[in-house]
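K.L.:
Spelled out, the chains give:
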Amino acid sequence: MPMKSRVWLFISMSFMFVLVWSSIVWAQALREETEKTAQQLATLLNVGRLIVDRNQTLINDPRKGDKGFTPEVFEYEVVDEFIQQTHIDLKHLPSHLPFLAKELLPQLLQSSKEVVADAQLVINQRGIGYKNFVPATFGSQAARKFSNRSHVKIKQTALNPRNLKNTPDAYEENMLKRLATQPAVDTSIMEWNDNEQTLRALIPLYYSQDCLACHGEPRGILDISGYPREGAKEGDLAGAISIHIPVQSR
Amino acid sequence: MALYYRSSILNSMIVGEPIISVRLMIRRLWYSLKEYGSQGTLVFLLALGSFLQGCGLIFDAVELVQPLARDEMSAICSRGQLRVGISVEPFRPFVFPAVFTDEGVRVTGLDVELIREVADALTTYCGGQKPIVPTLHLTRFRDLFIEMNEGHLDLFVSSIGGNVPGARPAGLWYSIPYFHNGGIGAMIQNPEVAEKVRTQFQHQAGNPDTLTAIQAGLSGLTVAAQRGRTSHLYAEANLKNIRLLICDSLPAAVEAKDPRIDVILSKHSILDYVTKRVWPDWRLLTRNDGTPLILTQESFSIVTVEEHRRLQWFLNNLLYRLEELGRLEHMRRRWLEEDYAPTRRATLEGLPFEVSKVPEHYDQGQCRFATGR
Numbered sequence: 001m002p003m004k005s006r007v008w009l010f011i012s013m014s015f016m017f018v019l020v021w022s023s024i025v026w027a028q029a030l031r032e033e034t035e036k037t038a039q040q041l042a043t044l045l046n047v048g049r050l051i052v053d054r055n056q057t058l059i060n061d062p063r064k065g066d067k068g069f070t071p072e073v074f075e076y077e078v079v080d081e082f083i084q085q086t087h088i089d090l091k092h093l094p095s096h097l098p099f100l101a102k103e104l105l106p107q108l109l110q111s112s113k114e115v116v117a118d119a120q121l122v123i124n125q126r127g128i129g130y131k132n133f134v135p136a137t138f139g140s141q142a143a144r145k146f147s148n149r150s151h152v153k154i155k156q157t158a159l160n161p162r163n164l165k166n167t168p169d170a171y172e173e174n175m176l177k178r179l180a181t182q183p184a185v186d187t188s189i190m191e192w193n194d195n196e197q198t199l200r201a202l203i204p205l206y207y208s209q210d211c212l213a214c215h216g217e218p219r220g221i222l223d224i225s226g227y228p229r230e231g232a233k234e235g236d237l238a239g240a241i242s243i244h245i246p247v248q249s250r
Numbered sequence: 001m002a003l004y005y006r007s008s009i010l011n012s013m014i015v016g017e018p019i020i021s022v023r024l025m026i027r028r029l030w031y032s033l034k035e036y037g038s039q040g041t042l043v044f045l046l047a048l049g050s051f052l053q054g055c056g057l058i059f060d061a062v063e064l065v066q067p068l069a070r071d072e073m074s075a076i077c078s079r080g081q082l083r084v085g086i087s088v089e090p091f092r093p094f095v096f097p098a099v100f101t102d103e104g105v106r107v108t109g110l111d112v113e114l115i116r117e118v119a120d121a122l123t124t125y126c127g128g129q130k131p132i133v134p135t136l137h138l139t140r141f142r143d144l145f146i147e148m149n150e151g152h153l154d155l156f157v158s159s160i161g162g163n164v165p166g167a168r169p170a171g172l173w174y175s176i177p178y179f180h181n182g183g184i185g186a187m188i189q190n191p192e193v194a195e196k197v198r199t200q201f202q203h204q205a206g207n208p209d210t211l212t213a214i215q216a217g218l219s220g221l222t223v224a225a226q227r228g229r230t231s232h233l234y235a236e237a238n239l240k241n242i243r244l245l246i247c248d249s250l251p252a253a254v255e256a257k258d259p260r261i262d263v264i265l266s267k268h269s270i271l272d273y274v275t276k277r278v279w280p281d282w283r284l285l286t287r288n289d290g291t292p293l294i295l296t297q298e299s300f301s302i303v304t305v306e307e308h309r310r311l312q313w314f315l316n317n318l319l320y321r322l323e324e325l326g327r328l329e330h331m332r333r334r335w336l337e338e339d340y341a342p343t344r345r346a347t348l349e350g351l352p353f354e355v356s357k358v359p360e361h362y363d364q365g366q367c368r369f370a371t372g373r
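Residue numbers (this note's numbering), protein chains in the order written: chain A, 1 to 250; chain B, 1 to 373.
Take the hints with a grain of salt, since some may be wrong.
[As the list claims (entries may be wrong)] In silico lysine to any residue, SDA-like type, Cα no more than 25 angstroms apart, as pairs: (1) B:Lys257 with A:Pro228; (2) A:Lys64 with B:Ala237; (3) A:Lys64 with B:Lys257; (4) B:Lys257 with A:Leu97; (5) A:Lys165 with B:Thr275; (6) A:Lys64 with B:Asp248; (7) A:Lys64 with B:Ala205; (8) B:Lys276 with A:Asn60; (9) B:Lys276 with A:Lys165; (10) A:Lys64 with B:Glu195.
[What the hints assert, rightly or not] FRET-style restraints, in silico, Cβ to Cβ: (11) A:Gln209 with B:Leu348: 27 to 33 angstroms; (12) B:Glu349 with A:Glu234: 49 to 55 angstroms; (13) A:Thr198 with B:Asn149: 28 to 34 angstroms; (14) B:Lys130 with A:Gln182: 47 to 53 angstroms; (15) A:Leu159 with B:Glu349: 40 to 46 angstroms; (16) B:Arg333 with A:Phe99: 45 to 51 angstroms; (17) A:Gly220 with B:Glu337: 21 to 27 angstroms; (18) B:Arg334 with A:Lys64: 30 to 36 angstroms; (19) B:Ala237 with A:Leu164: 48 to 54 angstroms; (20) B:Arg334 with A:Asp61: 46 to 52 angstroms; (21) A:Ala117 with B:Leu211: 49 to 55 angstroms; (22) A:Glu234 with B:Ala237: 56 to 62 angstroms.
If you're looking for bench data, these hints aren't it; they were derived computationally from the structure.
Ideal placement from N, C-alpha and C gives every residue a C-beta, glycine not left out.
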């Protein structure tokens with residue numbers, strides 16, 4: 001082989017190597033960004049649930065008409081809590097945030113605000129105590145609204161969900177069963193399925209003391225909303241936020 | 001512009017001129033009118049008038065073949081929606097307060113279940129191709145009648161008593177009852193009030209007269225009733241010696257502290273439910289033998305406008321059929337006797353409603369003394 005041809009072969013091989021290597025690095029970076037986005041979406045949905053939970057006394061106060069728990073107030077409290085938990089300001093998203101997160105976090109915040117807006121009539125009824133505007137119902141609606149306007153799907157799920165629409169699929173059921181046998185951990189399950197085409201993320205939720213008023217002991221006795229209590233204890237697995245991000249979104 | 005030669009009636013009028021200018025025709029007509037003067041103009045207008053009469057006949061004929069103005073049933077079918085008014089003031093267990101569910105904001109109750117039945121029957125009536133969706137308009141009780149008369153609703157259902165004098169505004173029609181033995185009842189907090197009424201019944205030994213006993217027993221007491229409801233009409237007509245307090249809603253009456261209310265009048269079935277499950281501080285006013293004291297019988301109807309004959313027959317036939325099948329009795333037992341959580345039923349079977357039609361911040365309102373008594 002002449003010298004000139006060898007040089008060309010070497011250059012071509014090097015070029016190919018760089019190309020393959022950079023695409024691997026690029027794909028790896030995208031994977032990490034997608035996983036990070038899934039984690040942030042779950043955190044945001046959970047923060048929304050937390051704010052609804054914190055305002056339960058106000059929402060269920062029968063003596064007050066206009067509660068002042070407007071979508072704007074909700075947004076303010078969510079943004080504040082989200083900064084505390086993630087150091088990310090949803091009002092001024094930092095430039096280092098993954099592109100997907102920049103696109104999806106505002107969409108989820110908007111969906112959550114819309115749920116609070118839709119519930120205003122119920123929240124502001126005077127003379128009515130319990131209104132069932134609780135973290136679970138808020139979360140179901142916010143996840144549904146977000147999923148309807150996005151290619152990314154979010155769902156609250158549990159092994160024995162009260163709302164049958166939250167029944168886990170086969171993958172979620174397997175993961176939830178695995179989580180149920182483990183002690184409470186603060187880590188999420190991230191898996192790439194369908195030949196690396198889909199990210200499935202499961203972020204576990206555990207019962208806190210506040211949840212036990214409806215989900216705790218005694219098991220089987222109806223709670224305020226009419227569902228039988230699960231007999232859960234603090235720290236038990238309550239369910240998970242399941243996120244499904246298809247590859248096109250990358 | 002030209003009329004082209006065709007073997008039509010129009011062209012047969014212009015024999016010898018296969019193509020003629022419209023402008024030329026108008027000019028000729030104008031000259032003719034000028035030539036014959038005012039008499040000619042009059043004859044022309046009469047001729048034109050007779051042609052217009054003909055147009056009317058044509059319209060009538062077309063309407064006979066294919067009605068231009070559709071009846072209310074066809075309108076519901078083509079719209080795919082049944083516009084139903086429902087009172088925003090809760091009348092548990094007929095209409096529960098709106099709650100938030102996994103499916104969004106929902107309202108439930110016996111009346112809501114009945115609306116589902118009506119919508120399902122309409123789906124079948126309309127051919128079953130697409131479901132007739134009940135669109136609930138939650139509005140204040142007093143506004144239901146206005147909304148109905150203004151044509152914004154097809155019907156309304158809100159435990160409306162149809163057989164109490166003064167309850168039927170002109171222009172509205174009431175169906176056969178879907179709930180019998182509604183009756184007007186009373187609830188109290190102070191046992192002395194019950195004693196006062198029972199003493200009156202004791203005086204009537206062997207010759208019971210509820211109206212007389214109530215008139216004497218409640219004399220001088222502060223009695224609350226909801227504005228426009230049948231209990232209000234009953235009190236206005238029959239209880240002259242009471243201090244009548246008119247409240248915007250039942251919760252407003254319960255919450256009122258000044259003046260202190262001795263008795264609240266409302267539908268017995270509603271009071272029976274709320275004294276057991278919502279306001280345990282209140283109890284039903286009963287007869288000496290412990291049975292509930294019913295001031296007068298009342299049955300609930302579906303309301304629509306007077307002109308909607310087809311819808312009226314549809315509703316009456318449907319209610320009769322539901323009674324025949326035992327469905328109405330099943331509904332009554334399900335909502336009045338079973339132990340259940342309204343929130344859960346709202347999640348499973350509640351109906352959504354048009355939030356835009358609801359007062360922004362539903363306030364149960366206030367109470368004030370009736371004037372002009």
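K.L.:
Against the earlier hints, flag every one the structure doesn't satisfy and list their numbers going up.
P.N.:
1, 2, 4, 5, 7, 9, 10, 12, 13, 15, 16 and 20
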